[in-house]
Amino acid sequence: MASLLWLAHFLCFLLFHLHFQAASSLPFSFNSSSPAMPCQHDQSLALLQFKKTFFIKSAPSTWDSPYPKPYPKTESWKEDTDCCLWEGVTCNIDTGNVIGLDLSSSLLYGTIHSNNSLFFLPHLQKLDLSKNDFNHSQIVPQFGHFFNLTFLNLNSSVFAGQIPLEISYLSGLVSLDLSWNNGLMLETTIFKKLAQNLTHLQELDLSYVNMPLDAPSSMMNLSSSLTSLKLRYCIFQGKFPDISHLSKLVSLQLSSYGGLTLEPMIFDKLVRNLTKIRDFHLSAVNMSMVEPSSFMNFSSSLSSLALSSCELLGEFPDNTIPSSIGSLVELSSLDLSINKFNGEIPSSFENLKQLATLVLKFNNLTGQISSSLGSLKELSLLDLSNNNFNGEIPSTLGSLMKLSSLDLSMNNFSGEIPSSFEKLKQLDTLSLIGNSLSGQIPSALGSLKELSLLFLSSNNFNGEIPSSFENLKRLQILDLQNNNLSGQIPSSLGSLKKLSSLDLSYNNFGGEIPSSFENLKQLDKLYLNNNNFSGQIPFSLGSLKELSSLDLSYNSFNSEIPSSFENLKQLNSLNLCNNTLNGQIPSSLGSLKELSSLDLSFNNFNGEIPSSFENLKQLDKLCLNNNNFSGQIPSSLGSLKELSSLDLSFNNFNGEIPSSLENLQQLRILNLQNNNLGGQIPSSLGSLKELSLLYLSYNNFNGEIPSSFENLKQLQILDLQNNNLSGQIPNYFTNFNELFLSNNRFTGPIPFQGSRLSNVTILDLSNNLLNSTIPPSLFTLPQLCILILKNNQLTGHLGPFQGNQLGYIDLSNNKLHGPIPSSIFKLVNLRVLILSSNKLIGELSYAVCKLNSLEILDLSKNSLNGFIPQCLGNFSSKLSVLHLGMNKFHGTIPETFSVGSSLRYLNFNGNQLQRRIPPSISNCKDLEILDLGNNTINDTFPHFLETLPKLQVLVLQSNKLHGLVKGSSANHSFLKLRIFDLSNNMFSGPLPTEYFNNFEAMTNFDVKMKYMGDRIYSYNYSVSLTFKGLQIELVKIQTLLTTIDLSGNKFTGKIPQTIGKLKSLKLLNLSHNQLTGNIQPSLGNLSNLESLDLSFNILTGRIPMQLADLTFLQVFRVSHNRLEGPIPEGKQFNTFDNTSYEGNLGLCGFPLEKCDNGERQKPTGSKEDDSESKIGFGWKPVLAGYGCGVIFGVVMGYIVFKTRKPTWFVRMVEGERHRRIKRFNN
Amino acid sequence: MAPLSLLSFSFSFLFFFSPSLCTNSEGNALHALRSRFSDPTNVLQSWDPTLVNPCTWFHVTCDSNNHVVRLDLGNSNISGSLGPELAQLKHLQYLELYRNNIGGKIPKELGKLKNLVSMDLYDNKFEGEIPKSLAKLKSLRFLRLNNNKLTGSIPRELAKLKDLKVFDVSNNDLCGTIPVDGPFATFPMESFEHNRLNGPELKGLVPYDFGC
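If you read the sequences in order, they're chains A and B.
Taking this note's numbering, the leading residue of the first sequence gets 109, the next gets one more, and so forth.
Taking this note's numbering, the leading residue of the second sequence gets 826, the next gets one more, and so forth.
Any given hint could be a false lead.
[As the list claims (entries may be wrong)] Partial pick of chain B residues on the chain A-facing surface, computed with a CB cut under 8 Å:
no. : residue
1   : Cys880
2   : His884
3   : His916
4   : Asp945
5   : Cys1037
[What the hints assert, rightly or not] Simulated restraints, written as ranges between beta carbons of each label pair:
no. : chain 1 : residue 1 : chain 2 : residue 2 : range
6   : B       : Lys939    : A       : Thr1111   : 37 to 47 Å
7   : A       : Ser544    : B       : Asn902    : 55 to 65 Å
8   : B       : Asn902    : A       : Gln774    : 19 to 29 Å
9   : A       : Asn879    : B       : Arg861    : 38 to 48 Å
10  : A       : Ser546    : B       : Asn902    : 48 to 58 Å
11  : A       : Pro890    : B       : Asn902    : 29 to 39 Å
12  : B       : Asn902    : A       : Lys629    : 54 to 64 Å
13  : A       : Lys1033   : B       : Gly953    : 55 to 65 Å
14  : A       : Gln774    : B       : Ser860    : 36 to 46 Å
[Said to hold, decoys possible] Distance condition first, Cα-Cα at most 16 Å in a straight line; then the derived EDC-like pairs of lysine to aspartate or glutamate:
no. : chain 1 : residue 1 : chain 2 : residue 2
15  : A       : Lys1074   : A       : Asp1034
16  : A       : Lys1171   : A       : Asp1217
17  : B       : Lys939    : B       : Glu954
18  : A       : Lys1118   : B       : Asp873
19  : A       : Lys469    : A       : Glu419
20  : A       : Lys533    : A       : Glu558
21  : A       : Lys1144   : B       : Asp873
22  : A       : Lys301    : A       : Asp322
23  : A       : Lys485    : A       : Glu438
24  : B       : Lys990    : A       : Asp1245
25  : A       : Lys1116   : B       : Asp864
26  : A       : Lys461    : A       : Glu500
27  : A       : Lys461    : A       : Glu438
28  : B       : Lys990    : A       : Glu1261
29  : B       : Lys990    : B       : Asp1006
30  : A       : Lys1116   : B       : Asp873
31  : A       : Lys1058   : A       : Asp1034
32  : A       : Lys469    : A       : Asp443
It is worth saying that the hints were derived from the structure and are not from the lab.
All residues carry an ideal CB built from backbone N, CA and C; glycine is no exception.
Use the sequences and the hints to build the structure in full.
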């Protein structure tokens, strides 16, 4: 009601003053300060009402923009003052009518409705509301009622909706700017009306206004009075309109991202007709058909030419930059970026003496930069980045004294930074990123005092940071990453107080972080990762309160996390991984509420996860893996709802997985492997719908896989190996890429029927209790690459294999039976095939030789029979393991081993192979293990194996080998041999002393224990041996094991003395031969010997007492020889029983009868060697001897044992003892 | 992904740890023992818990049933202590740990080693008392505990060990009196020298722990 009254009053007022309107004919020539008619009251009221419509936003604290800093102009608008004096208000001097309102950048916030009092200012000629926030207001039709308006600017003011038809009523408009309102729309019909009606229009800016794709046609109706047309960031399609009638056009700026094509004829017409044009800017307009010759016709008055992203000359094979551009001598700005130009910069460019801006980035320009570029003295911005320029940077660039920005990044420039650069005193920005520049960073750069941005990353700079850099007081960004810089960080860098980003990562810097860094109060980003920094993380870093990113990873920092870090309230990303940091995580880290990424992995942190972490509500990524954290996983982690990646692996967390983790609905990666977690896997994990990678392996989880896992539709990798999980494997898995369930107690069948696992590439179900047949569909999974089902109780037949690219198959240790299917030999990518320890039967087809990528073939421990295919010797040049042991193969060993073979392990042990050992084995120069034992080979010793330089294990036991084993005189035979087993053959003649002399590997100690095997596939070599009296299969062969077993032959002669040199020997068995002579005392040097068997020979003499020094000897057998004399005493000889010695001529001493003559083999200096053979000296005789009163005896005993001094009592006892010894000796 | 690159990529991950197959209680016991030891000369480096049984480890000997019957680590520079897990070596006959720097108490659980023939712990740093439980080792023939820091008295119960042939506790800090029954009637005096022993037991006249 009140507003209606007010409106009535206002309308009367308006009518009354109507005749004052438009008194001035000169727009924009007002002077509100001159003594003139004061403001009209109604308009004053309208303005005050207008003011009340809006809130005032708070002004920004910092202001880097070239535009004026916003401030609230309406603050000065006060009641009872002359509105003509108010800021932004212009009145007509004569009438006092408000004719101009300039509220640009006034921090206004609010909506302009159609009843806004703004529209009660009918005399307005100029209205500028740009750069405010009108909160998605419509441009209401009332804007069309300012009939006197000549100037309307609504730029960047958050208007939305349709531009109303009424705007086209403003036929007096000279300038219209509706640009940069994201959400403003202009219909084609209204655009047409605008073009037709606004006949006085000189400037039109509709940049960023949404228009229909066909809008360009409307442009043909635009008034020919236009001097400036701006349509930037509009989306047009179709053909570029012919606007060549706009002959007064001085500035044309248009960019389109819809696929607007500019045809050569139109371009040519534009270039010819727009004779006044000074700024010609087209971007993202397809000009690929435009001919190079058209550029000749540009008006010579052209001052600024920008044709960016125009696919310029894309249709021409020789699309070099037209040299005619070099004749546009008025050009001050040229931008040809993001096109497809190749070739060099035209030499004609040296004529562009007015050029201040040259941007040629993102082309394919090549060659060296001509030094003549240095003659363009006006250049202030030069951007040649992202081309293929090469050669050195011309030193003439140093004479571009006005240069403020130079960007040569992402080219192939080499050489050093020209020293002439020190003359670029105006330089503000220098970017040389991604070239091959080398040498030191010139100290002279430190004299460029205007430098605020310096990018030298990804080059080959070496040396140190010049100390002169301390002079770069304006420096805001210093980017030196990925070079070969070294030395310490100069402490003086701490004086660069404007620095907001410092990146020294991926260099070789060392030393500590200078304490001066605490002065870098503006620092926002600090990257020191991947260097050799050491020492403590300085406490003072905590004072860099603006820091949002801190990366100290991959260094050698070794302190705790400074408690001062709690002050880094802006910190968004903290990466400290891969250092040797220790201590507990300070609880105060939990107060860094902006933190979204925290990586503390690969350090030595301990303790628990602080409960304060529940406050890190922004946390997206938390990596605490590979530390020594312990305790339970805090349930409060479940409140970090933004978490998408959580890695707690390789710690000592215990307890159960908190069910609260179900709240982490963004979680994609959860890695808890290698902890001590237990209990059941919580069913609630099944609600993590985004989960794609889940690792729970190497814990103690029990129970079944929760049925809720069926809901994990995104899951790609599930790793549950090495737990105690049981039950059946569920059948709902579908989308997996990799499934690891090995080393659990899963029972029942393999569930995957059909082809549901169509994406699975790795399937590892090994080491469970699965006992079904293998579903045939498993062998046809299209993506399957690795299939591991070993160590289960699977039954049934194999295959058929079909339709996939399997590269690795391990089905060993099951109960599979039937033949090996021929389809397996069609898997041409197969590298590893392990079917050992099953019940496979039948012959091995020659087709196996089609698998010419095979590296490991292990079919051992089956019941395969028939001949071994001869082609196995040379079918795959990559084959390194061939294991056919423990089968029923007969016939001969393949003769076809060829030069270049990669074979390292060859095992035919335990078959029925006959005839000879093929000499072609000596072609396998990489051979490490050869096991042909337990066959019926009838041959002489294969001396040709001597030359195999890597042979470590040779087992020929239990064959029919015969003849002499006489080593060659060459010094390099069997140098690496560590296991030498010829047992149970018919070899004769003397022991192979020459070989003993050459067994270099048996004389050395391996310091580190390793296993023999294939590292890449983790395949362990195995061998069968007699080990301390037991026939044992060594499933892994330690490199420490050295053994010689020549037992069960017909060797004659003496044990050579030189055998005592083989100091690393663990087992020595020479039993069951016809050896004569003495036992070598040098055997006492074999200090690692654990088993020595010399039984069943014809050895004579005594057992050397030196053998008592073998403190690791566990098995000692000399039975059934002709030995005599005392057995050594003490140490290990205390522990051998009669069977070690039986069947000799005259051995005596423990454990046999005492030596008759009292002779004892007592190692000198040994005290502990009490043995049974000692004189039985008891207490009873002593008691009888002193025979005194009881109390006396006790007291004396006490004295003796307490004082440990000789007393008469002791003398008496000792005397007694000596007498008795004497008596025994007699 | 091409199969080739997939293979090479996956394997480091797949076999990052070779799967532990150790379900052998004797192997577990020895591995637990190893974890108590400090082994500066690496004599225990062959003790790999991932092997099915410990019979291929050095310094360990098994019988034909793959049971550990000998443990020989004399003179090996080992320090540390023994633990109750040794009791799981139910078939052990020889426990040879002499001349090392092993300390702590002799675990009473060693009394469960029913097949033990020889226990050589001499020249170490064992302390505490000789466990009475050793009297349950009916097969024991050799018990050498000399040159340690053992305290307390010699348990009378040991006199029940009929097969005990060698007994040596010299150079300790034992107290009380020396048993005279059973095999103790035949042990020489050197076996008891350098202790705080008060001479032979005088039954019924003074308590055996007289002077402790």
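Hint check:
This hint holds: Cys880/B has a C-beta 6 Å from the nearest C-beta of chain A, less than the 8 Å allowed. A cut of 8 Å between beta carbons decides the hint on His884/B: the least distance to chain A is about 6 Å, and the hint holds. About 14 Å separates the beta-carbon of His916/B from the nearest beta-carbon of chain A, more than 8 Å, and the hint is not met. A distance limit of 8 Å between C-beta atoms decides the matter here; for Asp945/B the minimum to chain A is near 7 Å, and the interface restraint holds.
Among the interface hints, the one on Cys1037/B is violated; its C-beta lies about 12 Å from the nearest C-beta in chain A, farther than the 8 Å criterion. As the Cβ distance of Lys939/B to Thr1111/A is approximately 42 Å, the hint placing it in 37 to 47 Å holds. The given range of 55 to 65 Å is respected by Ser544/A and Asn902/B, whose C-beta atoms sit roughly 56 Å from each other. Taking 19 to 29 Å as the suggested C-beta distance range, the pair Asn902/B and Gln774/A does not conform, at roughly 55 Å.
Here the CB-CB span from Asn879/A to Arg861/B is close to 39 Å, well matched to the stated 38 to 48 Å. Under the hint 48 to 58 Å, the C-beta atoms of Ser546/A and Asn902/B, about 54 Å apart, fit the expected range. Between Pro890/A and Asn902/B the beta carbons are some 58 Å apart, a value that contradicts the proposed interval 29 to 39 Å. For the hinted restraint 54 to 64 Å between Asn902/B and Lys629/A, the CB-CB distance of approximately 58 Å keeps it satisfied.
Our hint of 55 to 65 Å for Lys1033/A and Gly953/B holds, since their Cβ atoms are close to 60 Å apart. Roughly 41 Å separates the CB atoms of Gln774/A and Ser860/B, a value that falls within the hinted 36 to 46 Å. This hinted pair does not check out: Lys1074/A and Asp1034/A have alpha carbons roughly 24 Å apart, beyond 16 Å. At most 16 Å may separate the alpha-carbon atoms for a hinted pair to count; Lys1171/A and Asp1217/A meet this at roughly 13 Å.
A C-alpha spacing of about 20 Å is found between Lys939/B and Glu954/B, which places the hinted pair above 16 Å, so the restraint is violated. Proximity of Lys1118/A to Asp873/B is assessed by CA-CA distance (about 10 Å); at most 16 Å being required, the pair is judged to hold. Between the alpha carbons of Lys469/A and Glu419/A the distance comes to roughly 13 Å, so the proposed pair stays at or under 16 Å and holds. Restraint check: the Cα-Cα separation between Lys533/A and Glu558/A comes to about 7 Å, which is no more than 16 Å; the hinted pair holds.
Between Lys1144/A and Asp873/B the CA atoms are separated by roughly 10 Å; this keeps the pair inside 16 Å, and the hint holds. Between the alpha carbons of Lys301/A and Asp322/A the distance comes to roughly 15 Å, so the proposed pair stays at or under 16 Å and holds. At roughly 14 Å between alpha-carbon atoms, Lys485/A and Glu438/A fall within 16 Å of each other, so this suggested pair holds. Our distance criterion of 16 Å between C-alpha atoms is met by Lys990/B and Asp1245/A, whose separation comes to about 14 Å.
Distance restraint check for Lys1116/A and Asp864/B: the Cα-Cα separation of roughly 14 Å lies within the 16 Å cut-off, and the hinted pair is therefore satisfied. For a cut-off of 16 Å, the pair hint linking Lys461/A to Glu500/A is broken: about 24 Å separates their Cα positions. A threshold of 16 Å between alpha carbons decides the hint, and for Lys461/A with Glu438/A the separation of about 8 Å falls inside it, so the pair holds. Of the supplied pair hints, the one linking Lys990/B and Glu1261/A holds, its CA atoms being roughly 14 Å apart against a limit of 16 Å.
Restraint check for Lys990/B and Asp1006/B: satisfied, since their Cα atoms lie roughly 13 Å apart, inside the 16 Å limit. For the suggested pair Lys1116/A and Asp873/B, the alpha carbons sit about 13 Å apart, so the restraint of at most 16 Å is met. Our distance criterion of 16 Å between C-alpha atoms is met by Lys1058/A and Asp1034/A, whose separation comes to about 6 Å. Of the pairs offered as hints, the one joining Lys469/A and Asp443/A holds, with about 9 Å between alpha carbons and a cut-off of 16 Å not exceeded.
When each numbered hint is compared with the structure, violations occur for hints 3, 5, 8, 11, 15, 17, 26.
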